[in-house]
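Please construct the entire structure, taking both the sequences and the accompanying hints into account.
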Amino acid sequence: MAQEKHYEDFISFMKNNSAKKTLAYGLDVEYSKQMRKGSSSTILRNTGETQSVIPKDSYSFSSFNSTRQFIQLEKSFRSQIDKNPGYFGDQSHYILQEKMKTSAELILSYCPENISLQITNEGSIFYTFTKKGYSIYIQHFLIDEYDDSDEAILSIFRGDDNLLNYGGNLSSVFSELSKFIVPNTYTVLEQV
Amino acid sequence: MELPKKISPDYIKEAVIEVRYTSQTSPEILLGIFYQAFDDSWYYTNRPNQSVTPSSIPSFVQELTIRVGTESLLYNDKINISLLQNSFVFTCFSNYIGWEDYIKEIEKALRIFESTTRIKQWTRIGVRYISEYPELDLQSIIKFNFSFGLPEIKSNSTSFKSEFTYKNCKVILNLKNHIPILVQNSATKNGEVVYYSISDIDVIADNLKIENVDELLIEIKECHNKEKELFFGIIQENFLKSLNPQY
Amino acid sequence: MNYPIEILPNPAYKLIECELSDHFLIRFFNCNKPEEAIDENTGKLKIEHICSPREQIEDLSHSLLGVYKPEHIEISFTDLGKQKFLHYCNPNEDVQTPIFEDEYFFAKSRSFWCAPIAKLNNRQFEYSKSEQPMTATCMVVHTPMRWNYWHFSLRWKTNFGELSQLDERARKNVAKRIGQAARVAITHFAILGIPETPILSEECYIDNN
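Chains as they are written, first to last, in my numbering: chain A, 647 to 838; chain B, 28 to 274; chain C, 9 to 217.
Hints may be right or wrong, so weigh each one.
[What the hints assert, rightly or not] 27 Å max Cα-Cα, derived DSS-like pairs, lysine-lysine:
| id | chain 1 | residue 1 | chain 2 | residue 2 |
| --- | --- | --- | --- | --- |
| 1 | A | Lys721 | B | Lys105 |
| 2 | A | Lys729 | B | Lys105 |
| 3 | A | Lys825 | C | Lys184 |
| 4 | B | Lys253 | B | Lys40 |
| 5 | B | Lys105 | C | Lys41 |
| 6 | A | Lys745 | C | Lys137 |
| 7 | A | Lys778 | B | Lys40 |
| 8 | A | Lys778 | C | Lys127 |
| 9 | A | Lys747 | C | Lys180 |
| 10 | C | Lys137 | A | Lys778 |
| 11 | C | Lys127 | A | Lys825 |
| 12 | A | Lys778 | B | Lys203 |
| 13 | A | Lys721 | B | Lys135 |
| 14 | C | Lys116 | A | Lys729 |
| 15 | B | Lys131 | A | Lys721 |
| 16 | B | Lys105 | A | Lys747 |
| 17 | C | Lys54 | A | Lys747 |
| 18 | C | Lys184 | A | Lys747 |
| 19 | A | Lys721 | C | Lys41 |
| 20 | B | Lys197 | B | Lys40 |
Derived by calculation from the structure, the hints in this document are not laboratory data.
See below:
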């Protein structure tokens with residue numbers, strides 16, 4: 647993707663200019679802000695900052711909606727575990743819940759438009775969410791650790807086109823996802 | 028002006044009630060006390076305390092890692108409560124449940140908080156309603172006209188913000204008209220642009236010194252009333268009729 | 009109550025190997041209210057209605073919508089009926105008609121979903137960037153059964169060939185990816201309701217030799 651190539655060029659330039667790391671921080675934040683806004687042109691735009699189309703998350707009072715989505719996911723997870731206690735062997739509910747919260751929170755950092763969570767008889771959670779025309783499916787395995795970290799599999803569709811399938815640990819899966827959509831990772835808890 | 032009790036459709040996207048308080052107990056201990064006070068009809072959870080390193084940022088730039096505080100939450104099947112430091116933020120669990128049911132649930136929760144005897148004073152109330160109107164022009168909804176020095180120019184989209192005082196309350200009014208939003212079309216599964224208009228009215232009563240929940244509830248209802256006065260005061264008559272108001 | 013004999017194998021029938029890209033597969037699930045099968049947030053079919061825990065998602069049973077109609081999803085078999093009829097067979101097998109109540113009955117609390125064959129058949133899921141690269145390909149295969157000539161299977165093949173040759177960990181990984189690909193494919197493309205489907209030409213299933 648053009649955005650990713652441009653970003654890679656920029657980072658490569660900055661890596662080779664270590665004295666400019668402080669500048670890189672500022673520029674990189676700005677770049678990420680632009681990417682979050684859905685800007686498709688170069689970094690450090692000084693004009694035309696109001697993009698033509700706003701992704702839904704940037705206006706939809708995302709912190710309230712994010713909390714609501716988190717609670718609904720947790721409630722759904724609890725209720726499905728209660729109906730299907732055998733799906734996760736004898737793994738403690740507390741640990742399952744904490745693992746679920748980890749992947750749920752990672753997904754919510756992308757401010758999905760819609761999201762659902764379903765458990766499977768393979769001891770995994772199957773998330774479905776939509777964002778900016780993408781349909782994204784992430785299966786997070788809560789049992790059967792993979793090299794000491796949870797395994798996950800990702801599939802991304804746009805319309806009928808399957809753009810990516812990837813299996814690895816949870817962290818690498820979200821790295822791949824970030825090449826398509828950028829997380830709103832600077833959302834800070836709104837304090838009094 | 029007579030204010031409707033209910034409108035349908037209400038277009039309400041968020042109905043947020045925030046109450047702030049003071050306490051002589053430190054926040055981390057308060058959390059445990061509040062948790063114990065709520066019965067099994069409520070669930071407690073917290074959002075993970077994650078150090079968020081954006082995956083698009085290379086690891087050598089470590090200073091970009093931002094630690095986000097844990098968010099503690101209580102919820103039942105009707106409302107959610109965020110337990111912030113010196114503040115409770117109430118929102119609906121799913122869609123807006125109507126004021127009568129909403130304030131009933133909030134009252135139940137506030138009385139539980141009060142029963143812990145750890146709340147010294149209630150100091151501030153915020154009532155914020157955000158309404159979302161897909162594919163509607165704000166000028167057909169609200170008595171609002173925006174123009175500037177070049178009257179021949181018609182804006183494609185508009186954002187307007189005003190802060191003012193209304194009956195001793197601070198009000199923050201946000202209006203957005205014809206904002207293009209990218210959403211997914213469930214039939215084609217592709218992205219499509221939908222135009223939204225938004226009204227966001229935030230009524231804040233500050234510098235309070237309330238010591239009991241009965242008085243607090245009176246103030247919350249007063250703020251809600253002012254919210255309604257403002258909303259129904261700026262809404263177009265024809266649009267109000269289309270909302271099937273019940274008095 | 010008469011068994012719909014038009015769905016039974018027939019001595020005049022052959023294996024269907026013609027182009028089916030305009031056609032749909034149909035599969036039932038146990039649910040009284042079809043609307044509850046759709047997730048209210050995403051509008052997609054819930055995965056619990058794709059396949060039950062007892063079944064293997066990597067070899068999922070369907071029927072070809074057409075001669076097999078939505079009302080046929082109610083057919084369910086007794087233990088005796090299962091022993092006699094729930095087996096693969098040749099398309100031209102001469103099969104006795106199942107006996108109502110002794111061998112089959114109608115299960116009422118069933119709904120169904122359909123999926124377009126064009127979107128599933130030969131669809132590849134490439135995990136090329138994964139730590140263990142592989143390609144899983146979905147295949148829609150005609151697998152007649154004694155109770156239903158129009159029975160099709162959704163199967164998967166991978167670039168690994170015989171899975172029994174792999175070590176246990178690799179086999180598990182392949183199975184996980186196939187399971188995920190199957191769920192994703194169906195969740196993404198399944199529809200509730202009866203799609204318009206063309207009448208299958210007799211040349212496709214009648215053996216003129």
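Against the structure, the hints come out as follows:
no. : hint                : result
1   : A:Lys721 / B:Lys105 : 12 Å, holds
2   : A:Lys729 / B:Lys105 : 22 Å, holds
3   : A:Lys825 / C:Lys184 : 24 Å, holds
4   : B:Lys253 / B:Lys40  : 19 Å, holds
5   : B:Lys105 / C:Lys41  : 25 Å, holds
6   : A:Lys745 / C:Lys137 : 25 Å, holds
7   : A:Lys778 / B:Lys40  : 20 Å, holds
8   : A:Lys778 / C:Lys127 : 22 Å, holds
9   : A:Lys747 / C:Lys180 : 25 Å, holds
10  : C:Lys137 / A:Lys778 : 23 Å, holds
11  : C:Lys127 / A:Lys825 : 26 Å, holds
12  : A:Lys778 / B:Lys203 : 21 Å, holds
13  : A:Lys721 / B:Lys135 : 21 Å, holds
14  : C:Lys116 / A:Lys729 : 23 Å, holds
15  : B:Lys131 / A:Lys721 : 22 Å, holds
16  : B:Lys105 / A:Lys747 : 21 Å, holds
17  : C:Lys54 / A:Lys747  : 21 Å, holds
18  : C:Lys184 / A:Lys747 : 22 Å, holds
19  : A:Lys721 / C:Lys41  : 22 Å, holds
20  : B:Lys197 / B:Lys40  : 22 Å, holds
Violated hints for the displayed structure: none, as all numbered hints are satisfied.
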